Each structure stands twice: as C-alpha cells, then as structure tokens.
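Model the placement of chain C on the given structure of chain W, informed by the hints.
2 protein chains.
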Amino acid sequence: MSATRALRASNGLLRASSSLTKPATPAVLESRRRFAASARAMSSSFYANWEPEGPSVKTEIPGPKAKAAIAGLDKVFDTRSLNMLTDYSKSAGNYIVDADGNVLLDVYAQIASIPVGYNNPSLRKVAQTDEMINGIINRPALGNFPPVDWASVLETGILKVAPKGLNQVFTAMAGSDANETAYKAAFMWRRQQDRGGPDVDFTPEELSSSMNNQAPGASQSLSILSFKTGFHGRLFGSLSTTRSKPIHKLDIPAFDWPQATFPQLKYPLNAHAAENAAAEAAALSEVEHLITSYHIPPCAVVVEPIQSEGGDNHASASFFRGLREITRRHGVLLIVDEVQTGVGATGRFWAHDHWDLPHPPDMVTFSKKAQTAGYYFGDPALRPNKPYRQFNTWMGDPARAILFRGIIEEVEKFDLVNKTARVGDYLFGKLEKLAEKYPGQFENLRGKGMGTFIAFDSPRRDEFLAQAKKVGVNIGGSGQSAVRLRPMLVFEEAHADLLVEALEKIVKSW
Amino acid sequence: MSATRALRASNGLLRASSSLTKPATPAVLESRRRFAASARAMSSSFYANWEPEGPSVKTEIPGPKAKAAIAGLDKVFDTRSLNMLTDYSKSAGNYIVDADGNVLLDVYAQIASIPVGYNNPSLRKVAQTDEMINGIINRPALGNFPPVDWASVLETGILKVAPKGLNQVFTAMAGSDANETAYKAAFMWRRQQDRGGPDVDFTPEELSSSMNNQAPGASQSLSILSFKTGFHGRLFGSLSTTRSKPIHKLDIPAFDWPQATFPQLKYPLNAHAAENAAAEAAALSEVEHLITSYHIPPCAVVVEPIQSEGGDNHASASFFRGLREITRRHGVLLIVDEVQTGVGATGRFWAHDHWDLPHPPDMVTFSKKAQTAGYYFGDPALRPNKPYRQFNTWMGDPARAILFRGIIEEVEKFDLVNKTARVGDYLFGKLEKLAEKYPGQFENLRGKGMGTFIAFDSPRRDEFLAQAKKVGVNIGGSGQSAVRLRPMLVFEEAHADLLVEALEKIVKSW
Numbered sequence: 160m161s162a163t164r165a166l167r168a169s170n171g172l173l174r175a176s177s178s179l180t181k182p183a184t185p186a187v188l189e190s191r192r193r194f195a196a197s198a199r200a201m202s203s204s205f206y207a208n209w210e211p212e213g214p215s216v217k218t219e220i221p222g223p224k225a226k227a228a229i230a231g232l233d234k235v236f237d238t239r240s241l242n243m244l245t246d247y248s249k250s251a252g253n254y255i256v257d258a259d260g261n262v263l264l265d266v267y268a269q270i271a272s273i274p275v276g277y278n279n280p281s282l283r284k285v286a287q288t289d290e291m292i293n294g295i296i297n298r299p300a301l302g303n304f305p306p307v308d309w310a311s312v313l314e315t316g317i318l319k320v321a322p323k324g325l326n327q328v329f330t331a332m333a334g335s336d337a338n339e340t341a342y343k344a345a346f347m348w349r350r351q352q353d354r355g356g357p358d359v360d361f362t363p364e365e366l367s368s369s370m371n372n373q374a375p376g377a378s379q380s381l382s383i384l385s386f387k388t389g390f391h392g393r394l395f396g397s398l399s400t401t402r403s404k405p406i407h408k409l410d411i412p413a414f415d416w417p418q419a420t421f422p423q424l425k426y427p428l429n430a431h432a433a434e435n436a437a438a439e440a441a442a443l444s445e446v447e448h449l450i451t452s453y454h455i456p457p458c459a460v461v462v463e464p465i466q467s468e469g470g471d472n473h474a475s476a477s478f479f480r481g482l483r484e485i486t487r488r489h490g491v492l493l494i495v496d497e498v499q500t501g502v503g504a505t506g507r508f509w510a511h512d513h514w515d516l517p518h519p520p521d522m523v524t525f526s527k528k529a530q531t532a533g534y535y536f537g538d539p540a541l542r543p544n545k546p547y548r549q550f551n552t553w554m555g556d557p558a559r560a561i562l563f564r565g566i567i568e569e570v571e572k573f574d575l576v577n578k579t580a581r582v583g584d585y586l587f588g589k590l591e592k593l594a595e596k597y598p599g600q601f602e603n604l605r606g607k608g609m610g611t612f613i614a615f616d617s618p619r620r621d622e623f624l625a626q627a628k629k630v631g632v633n634i635g636g637s638g639q640s641a642v643r644l645r646p647m648l649v650f651e652e653a654h655a656d657l658l659v660e661a662l663e664k665i666v667k668s669w
Numbered sequence: 160m161s162a163t164r165a166l167r168a169s170n171g172l173l174r175a176s177s178s179l180t181k182p183a184t185p186a187v188l189e190s191r192r193r194f195a196a197s198a199r200a201m202s203s204s205f206y207a208n209w210e211p212e213g214p215s216v217k218t219e220i221p222g223p224k225a226k227a228a229i230a231g232l233d234k235v236f237d238t239r240s241l242n243m244l245t246d247y248s249k250s251a252g253n254y255i256v257d258a259d260g261n262v263l264l265d266v267y268a269q270i271a272s273i274p275v276g277y278n279n280p281s282l283r284k285v286a287q288t289d290e291m292i293n294g295i296i297n298r299p300a301l302g303n304f305p306p307v308d309w310a311s312v313l314e315t316g317i318l319k320v321a322p323k324g325l326n327q328v329f330t331a332m333a334g335s336d337a338n339e340t341a342y343k344a345a346f347m348w349r350r351q352q353d354r355g356g357p358d359v360d361f362t363p364e365e366l367s368s369s370m371n372n373q374a375p376g377a378s379q380s381l382s383i384l385s386f387k388t389g390f391h392g393r394l395f396g397s398l399s400t401t402r403s404k405p406i407h408k409l410d411i412p413a414f415d416w417p418q419a420t421f422p423q424l425k426y427p428l429n430a431h432a433a434e435n436a437a438a439e440a441a442a443l444s445e446v447e448h449l450i451t452s453y454h455i456p457p458c459a460v461v462v463e464p465i466q467s468e469g470g471d472n473h474a475s476a477s478f479f480r481g482l483r484e485i486t487r488r489h490g491v492l493l494i495v496d497e498v499q500t501g502v503g504a505t506g507r508f509w510a511h512d513h514w515d516l517p518h519p520p521d522m523v524t525f526s527k528k529a530q531t532a533g534y535y536f537g538d539p540a541l542r543p544n545k546p547y548r549q550f551n552t553w554m555g556d557p558a559r560a561i562l563f564r565g566i567i568e569e570v571e572k573f574d575l576v577n578k579t580a581r582v583g584d585y586l587f588g589k590l591e592k593l594a595e596k597y598p599g600q601f602e603n604l605r606g607k608g609m610g611t612f613i614a615f616d617s618p619r620r621d622e623f624l625a626q627a628k629k630v631g632v633n634i635g636g637s638g639q640s641a642v643r644l645r646p647m648l649v650f651e652e653a654h655a656d657l658l659v660e661a662l663e664k665i666v667k668s669w
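Residue numbers (my numbering), protein chains in the order written: chain W, 160 to 669; chain C, 160 to 669.
Pulled out of the complex, with its shape left as it was, chain W reads as follows (with noise of 0.2 Å):
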C-alpha cells in the first residue's frame, strides 16, 4: 500500500497546518482563511501525528485474533451481525483498526454516526473536561433537576445549530426515541387542536378509555404516515413508520398507519427528467390522497431527506417543497427525520437547507453523528398543554450534549461542512469515470452536490463489500443492493483517491 503514503502530502486538512508554517503566498492565505482558529489552537503536528499513514490488511478479517474473541464474546452477546472487532484505543481519524492490527479507511463509520474521526484529538480534550467528567458520574433526570448551565449547554450547542427557524428542543437518546417522541408531540398538538385549545380539559371518558388503551383516550383515530422504504427506528411506534425491509417488522405488532410511494429516480438524472418530474408528482398526489382519505388520517407526515437504510434513494428540493406545501394545506405536520442525514455529511449542515422552504419543517429529529439526539420544533404550539405529558426520567444525556458541543466546535473550527461539500463533489466526479469505464458496476450513482452522502448500485452488492475489505476500505451497504458511502466530516480529497482506487481493484479483479 506504498500508493496511499502520498496521503500526508495530499490538500486539505492534513497539509493545513504545516502550509501555516510558510510565507504568505495568495494559496496559504487561502489556506489561513479556512484554517484560522487552527493556527491558534493547535501545533503543526496535530492532524499529521493523528492519522495512520494508510489501510494495512495483513490478515484475512476476522484474522485470528478477532476469531477467537468473537467465539468468546458470541456466549454473551449476538455476534451474527457483528462485522468487524474493533479496537478503538487503536483506530484513527478516518482509519478504523480491528483486533488483528488491520487498519481500514472507514467510510461506514458506525453506520454514518462518526462525525469528526476516531480519537479526534479536540474530542478527547472534551472529553478530559470536569464538565464532561461531572456529566458522566452525575446524571440527571433532565426535566426535573436541569444543571444550573443546561441553557447554556443547549445554546452554545445543540441549538447553536437549530434548523432555520426552529428554536426549541427536546432531547432524546438516539434515533429511534428522537422520532417516536416527535410522534408523540404530533398526536398531542392534533388532538389539542380538535379538542378545542389547550385550555379544554379532557373528558371523563376520555381519561378513562386512555387507561385502556382504547379511543377516546387513546388516540386510534389518528396515524403517522411515512414512506415506502423509509426507515425511522425500530421501536414499536418508530417501527410502524419504518418500511425498510421485512427483517426490520415480521412478528412485530404494528399501527394501521399509511406508506406514501417514495419518488423512484431513474439515473443520471438528466436523461430521465421528464419521467422522474412525473414520478414526484405521482408520489406528492399519493401523499394528498392518503392524508384526504386513509381510515386513519395522518396528523403528520415523517420523511428522511434521503432514505438511507433502504437504499440512498433520492428525490428533489422541489418534491420537499411541495410535500411542505401539501402538508401545510392540509394541518398535517411535517417531521424530517435527519438522524442519518444530519450535521454536515450533505455539505450542508441540515440535508433539508438543500431546499429551500418557504416554511421550515415543523420538527426536524437528529442523532447519530450528533451523538445525542431529539427533535428540534419552533411552534410553542408543540409544546403539550400540561406538563409530564412528553416526560421521561433521562431524557437525554448531559455528557453526550456536552459532546456535540465540541463537534460543532471542531466543525465550524475546520469549516468541515464546506470542505465535505468539496471534498463529495471532488469524489462524485472520480466515480462518474470510473463508473464510465465500468459499466454495469457502480450504476445509479447518486448523490451529486450531496457531499459525500453517496451511494451507487452493484450487482453484487454483497461480494463488493467484502472485497472492500481486502482492498482496505470499510464499505456499507443498503437497500437490496446499495453501496452506501458515509465517510465522516474529515474526509479528505487524499481519502477520496485512495477509496476511488481501492473500488477500482474490486471491479477490475472481476
């Protein structure tokens, strides 16, 4: 792997702070300009002593090592999904290490929820804090004893980079229960709503039934309605709005609630325009219908930016625009689901600022690389009449908030969003050649101008991602035959050549 050694001399990140040590010409400005607060806050040394040089695969994965500890660890714990043994004291920037020392570029980064690398140095500094030590071994039950300086947690992070227009937050544990507490929102602020205001009281009947789960107390007039090979978690109501696969539902009771037709884009997009505008109104009619007429009406509609675990499927900014449109029209609410798109993979913070709406969606749910969660909501309006009614004892996690801080500091430190819209355009144009000069082996390749949030498809999908790691990349997949790409924020253009040419090894051996 002599090849990737070039990766310390490459552009970007990595050559940043040494350019810092050179005269003023106008490329270091440039450089100064975007690595400013780096020059101040770090030694030259710091990003070029973080990385291993480049993949090393010595042995076959799992090697022996991971073998024999997997035997162990399988007596206590499901092992069958388990893909690689990682030891983390080892892995790296974008450089993932298992247990037999093979050292991969990791572009699945525990499933898109890596945002600043491994060890990031400014994280472990984070880490090392008596805030984040305090968060750690006194936890609290966040809606009944806040710390003193919760405002200033949520203000310096989380909501420092609230979606336009949105100002408030609830937070939440991970993906599944961000979503499932925004639903929950959605039905209140519904039921609020017919009922009368916030200053109805319930009815007798209504208090009664609702200990039985039954109507009126229990909501079963009202669904969530999602989309076909969407996913949004897998609890039992998060699970209801998932249509990923059936691995994720059988045997799982589940709500009567409705499923939308997601757009179907035929690839390139430019030589199916007509077809694919069709297929987006097609599907913006279905929403219409299903939300004027489904037996259970939907008091919100839940949609990823880009459908992520069911296979990187797409649609326009003028699709959301009119599902934002439709939704409003009809009082139905509009949650976007950003678990998997957000904080900057898209080369834009919020995959949904790729937009432009008129109108911000009503709640907009995070987690994964943010490495807290919840959702995010401006009307005071969703905000439940009465206190305890959207309550928990955790909810959330102080130390995890506290973290996200940091990763929005290392973010707007590096201008990590800009440069991961960069360096995904840089990528996306190697792959359209070297989908040219395969054909038939990265087909349908999308997401252009998304930064790095890419994905193409492969016949042989699954061979392809373990070939993947005998080239040294750590590759995902979704859907029945995506290759997803979810490198994290500090993936660089010297990354990229070495991905690129590592998915050329795995094609040309075929």
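Mixed in with the good hints there might be a few duds.
For identical chains, the list gives no copy identity; a pair is met inside one copy or between any two copies.
[Claimed, not checked] Cross-link-like lysine-lysine pairs, in silico, DSS-like; alpha carbons within 27 Å at most: (1) K284 to K249; (2) K545 to K629; (3) K224 to K404; (4) K319 to K572; (5) K596 to K425; (6) K545 to K224; (7) K664 to K404.
Worth flagging that the hints you see were computed from the coordinates, not collected in a lab.
The model shown is predicted, which means the values in this text are computed figures rather than measured ones.
Using the frame of chain W, we list chain C on its own:
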C-alpha cells in the same frame, strides 16, 4: 441544622475508614470484614471529605438565582416539570445542591437513578480512565463493530451481576427501550415457536404483509400482559403496557393489550393477612383468565417487583412465585422490569432475589441506577432465529457500561447492598414509630425488609413534598398519594436520622 453535624460521628460508611486505624476489637473486625477493600484503596479522609455536613436551606426554592435561570431555560426547554435547578458540581454524596446554594438531603436521587452518591470519588476516577474517554469519543455501533474488549466489559460489569439463571444480555439505552426490545424478543420467540421452530422460513405472505403493518407478518394476534397501576416506559410499545396515570397515556395510540389487577394490599400486612392473600389469589386468577381468554393472547407478562411510579405497590414473594408458575404452565414469558427496583435499593441486588423463584424470570430489564440499560436472558431461544431482527445502530453505550462496572465495584467494595438492607431496617423501624406518633400522617407504611425502598401515603402529599424542601430534604412522590423514599446506596443510619427528624418537622407544623 447543628444537629446534623452528628453525621460525621455516625456509624457505617463514614465511620469505616477511621475505624480501620483502631485496635482490633470485635466491632472493628466486623467493620474490617465489611470494608476490607476500602482499607487498601482509600485514604482515611476519603469519605469524610466527600459530603456536606448536613442540609442547609438559605432561600426559597427556587431562590432568586434559580428563578432567573429557569426563565431563560424555559425559552428553549420545557421547564414546567422542573423540580430544582441543580448545581451538580457542588452536589456530593447524599446531598443535592441547587442554583442558590441550598443543600438538601436527597432521597429522590434523580428519580431513583443515582446509585453511589453525587460526585462519587471512585466514579470520578473511572470517568478519567482512557477506557472511558475512548468510550465517549469513539462510540461504536455495538452490533456491527463491538470493541475488542466488549466481552470483558460485559463479563466484569453488566454480566457479573446478572440475575441467577440468566447469562446473556441485550444492551439498550434506557428503561423504555430495554422493555421494548424485551417485548420484541418475546414476540419473535413466540411466533417462531408457532411457526414450527427457528428453521422454518417466513412465508411470502408474512414477508409482504409485514411491510404493510398487517397480519400475518406484523403480529397483531399476540400481546403483552401488564398490570394496572404498572409503569414500563413511555414510548409506544412500553406505553401500551404502562397503566399508571392518564397524563402518561392521553392522545397516544396504544395497542389493544390486556391488563390484570395488581393486588392492592392493605397495611399493616399482619393485620390483613387473609384479605391480602385473597387479593393476590384473585389477581393471579385474573392473570390466568386473561392468558387463556383475552382476544389477543399475551406471549409475555411484564411486571415490576414493586410498582414504583404507580404508588409503591407491593405484592408478596408467594404472589410472584404464583405468577412464575402460571406463566410457565401456559408457555408465556415472564419479564421482570427491574428498571427502578434493581441494583441494590431493596437490600438485594435484584428485587426478585427476594422471591426465591424455582425458575428464573425469562427476561429481566434494568436501567436507572445501572446508568445503562438492557435485558438479561438465559434461554438461547430468545435470540431471534436470524441476525438483524433485534438490532439498532448504537445498541447501548459502552461508556455507560464501563460506568456501571465502576458502580458494581463500589457496591462490592463497601458491601452496599447488605448495608442498604441494614439501613432500610433501621429506617423502617423509625418510621413505624413516627407513624404511631402521628396517626393518619404516615399511612400504609410499606417496604419492610425491602431495604430503603420504602413508601407511605400522606393525606396532603403534594404539600408534604413541598414542605420537605423547606426542612432540607428532597423527596419524590408517586401514584396518587404516595411519598416514596429512594435514597442512594450510600445512605447511612445518620442520614436516616436526619430524614426522620425532617419528616417529623413537616407533620408537627400541621
């Protein structure tokens, strides 16, 4: 509060370290037996320097600083359920400190979730280890990329305290998802059995109907049986089994699942033995009736050892043995929800240890004082027949699992479970006397022999809780009229003296 200065000289934990420097009288030998490990590990002033000397209430609660801060927080975070704005950096041991510097003896402990005291010095050390920092900044997708030492973290932590007969764990984030994933395991287990075993494949009809949330793929023909006044969480599946209060359930869709009456015992127990036995027999017979005749038959029964949110409702060990017998006889799983009762507060590590069951529960869920969550199980058939059926991105949090290991070490080092049994007996004795002295003020005193997991009913409960703050104690309520005591495991006889003194002050003023 000068009386509280006696605390330093009190028996138990605080005295332990100094007693180690005295000549070996029999009392000291006993003390050495209990605290042998501490002698090696800790300096003599370790615990003595840890806690404030006693409560100290200087302002109204909330005081001026808290009021100003709460107004700011409310703009971005719902504060209507706020109890005290807390300064965790100043809180220590059994004492919680608020924004205005008021110091309260805390027997609510973040809704029963602080195990070994605020700012516990041993946990502080754990939080500073490389292992913890690694867990914070490199959060894995545990099902796909578990850390190389995950088996060891489990075996020396979560699984070291596994309930008797259970040796595996599925890790989760909090109580609600711990219960919901246990329910999912129950549904998959039962459907797999009905299908003819783990090797029988899903039918095409099951595969396609599951995607539409319809039977037979999405099981609409099985339920989870729970008990009236029980609490198991507030997400959609767990909320369907929660029967505590309408405010928890109103407007949220729920599954049509059955509920049985939880025996309503009368106190004092010895004066109502026959009546209580009859109530328990009736409850068991209702369970059996629902198992055999409910139109959506249960595949599992979920029960709390002591119904906590629902008002501290107890039942006898014989009731639970009966429940185990009935569920086994009908091939229905028994899930014991130890989210609030687990980790020592009842004087046994798990509350169901009090029952002397001939067969263990099928699953035991845990969270709160464990600071992590999940469900234990033993039967390999409870692992679903295929991977990815029970899965999510994070599947828990290794950082919190490492913390639980530290908590377990602290509990063992100071023999905190046995100590809690002892202090609980001491406290209960004093409360019995108080109840005699103030008839009608401490009704239905319950939790005898259950460590510090003690409650009573107050005719002016909400006022009682508000008054408690004025005399320096933070206490929680539950159900309609219960005052529930939920001290930490570091609660000593001296704290019990303080508490009882404060409780008497409240009722004396009426």
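Going down the list of hints, with the structure as the test:
1. K284 to K249: Cα proximity of K284 and K249: in one copy and across copies (17 Å, 22 Å).
2. K545 to K629: between (57 Å within a copy, 26 Å between copies)
3. K224 to K404: Cα proximity of K224 and K404: none, with 33 Å in one copy and 52 Å across.
4. K319 to K572: So K319 and K572 pass the 27 Å test inside one copy only (14 Å; across, 43 Å).
5. K596 to K425: within (20 Å within a copy, 81 Å between copies)
6. K545 to K224: between (55 Å within a copy, 25 Å between copies)
7. K664 to K404: Answer is neither: 31 Å inside a copy and 61 Å across each miss the 27 Å cutoff.
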